[in-house]
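**Student:** Sequence:
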Amino acid sequence: WIEQGAEWRGHWSFIKPERTPLPETRNKRWPRNPIDHFILARLESENLRTSPEADKPTLIRRVTFDLTGLPPTPEEVDAFLADKNPGAYERLVDRLLQSPRYGEHEARYWLDAARYGDTHGLHLDNERSLWPYRDWVVSAFNRNQPFDQFTIEQIAGDLLPEPTREQKVASGYNRCNVSTSEGGSINDEV
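The number in our numbering is simply the position in the sequence shown, starting from 1, with 56 added.
Source of the hints: derived by calculation from the structure; they are not laboratory data.
Mixed in with the good hints there might be a few duds.
What follows is a list of derived Cβ distance ranges for each label pair [claimed, not checked]: (1) Glu218 x Arg184: 21 to 31 Å; (2) Pro113 x Glu74: 37 to 47 Å; (3) Thr129 x Thr76: 38 to 48 Å; (4) Pro79 x Glu218: 49 to 59 Å; (5) Gln60 x Arg221: 51 to 61 Å; (6) Glu74 x Thr129: 25 to 35 Å; (7) Leu78 x Arg151: 25 to 35 Å; (8) Gly66 x Ser155: 36 to 46 Å; (9) Ile208 x Ser185: 42 to 52 Å; (10) Pro77 x Glu218: 45 to 55 Å; (11) Asp92 x Ile71: 18 to 28 Å; (12) Gly66 x Leu215: 35 to 45 Å; (13) Ile95 x Glu132: 25 to 35 Å; (14) Leu99 x Glu218: 51 to 61 Å.
Every residue, glycine too, gets a C-beta built ideally from N, C-alpha and C.
Sequences are here, hints too, so could you generate the full structure?
**Tutor:** Following this line, the structure appears as structure tokens:
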């Protein structure tokens, strides 16, 4: 198709990212970080206004659900409301990122995409013991493992030079697909 005249461009993943200049905005006081400039520029282009900042009870509820999947405890809400020092929100975020619940919550999304299951998923739906892989994923999120290493260990952890037990467990990713131990499979189920 290129020989027939289609435009040829390199794949987007090989194009060096370049920082986009911040867009101009009429409101100079609202943006707190570079992303805010882009949001505000779009709102202004649509003749929309920013919403008022959420109150502290709303903020702790939103960020706790977002980072742990759980509501904040009454004690956590009280402690956040009592913290009048600058940076209270940032300290809350840091505390939530250190919580074991953070890794459990984030791992759910990855495990869904990887098709993790405690059973084979077809026919007799027998149990399989893949839970060490699940626990490895939770731990990887809680350790903030770099994404390149996270994927390398899952795809080929057992093939790395002198792999650790954890790297071998990570390669459990390759067993997450639905499988059958029968001689054949039913096309409609597969």
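**Student:** For each hint, tell me whether it holds in the structure or not.
**Tutor:** Status of the hints after comparison with the structure:
no., hint, in the structure
1, Glu218 x Arg184: 21 to 31 Å, "27 Å, holds"
2, Pro113 x Glu74: 37 to 47 Å, "41 Å, holds"
3, Thr129 x Thr76: 38 to 48 Å, "41 Å, holds"
4, Pro79 x Glu218: 49 to 59 Å, "50 Å, holds"
5, Gln60 x Arg221: 51 to 61 Å, "54 Å, holds"
6, Glu74 x Thr129: 25 to 35 Å, "44 Å, violated"
7, Leu78 x Arg151: 25 to 35 Å, "31 Å, holds"
8, Gly66 x Ser155: 36 to 46 Å, "42 Å, holds"
9, Ile208 x Ser185: 42 to 52 Å, "24 Å, violated"
10, Pro77 x Glu218: 45 to 55 Å, "47 Å, holds"
11, Asp92 x Ile71: 18 to 28 Å, "26 Å, holds"
12, Gly66 x Leu215: 35 to 45 Å, "30 Å, violated"
13, Ile95 x Glu132: 25 to 35 Å, "28 Å, holds"
14, Leu99 x Glu218: 51 to 61 Å, "54 Å, holds"
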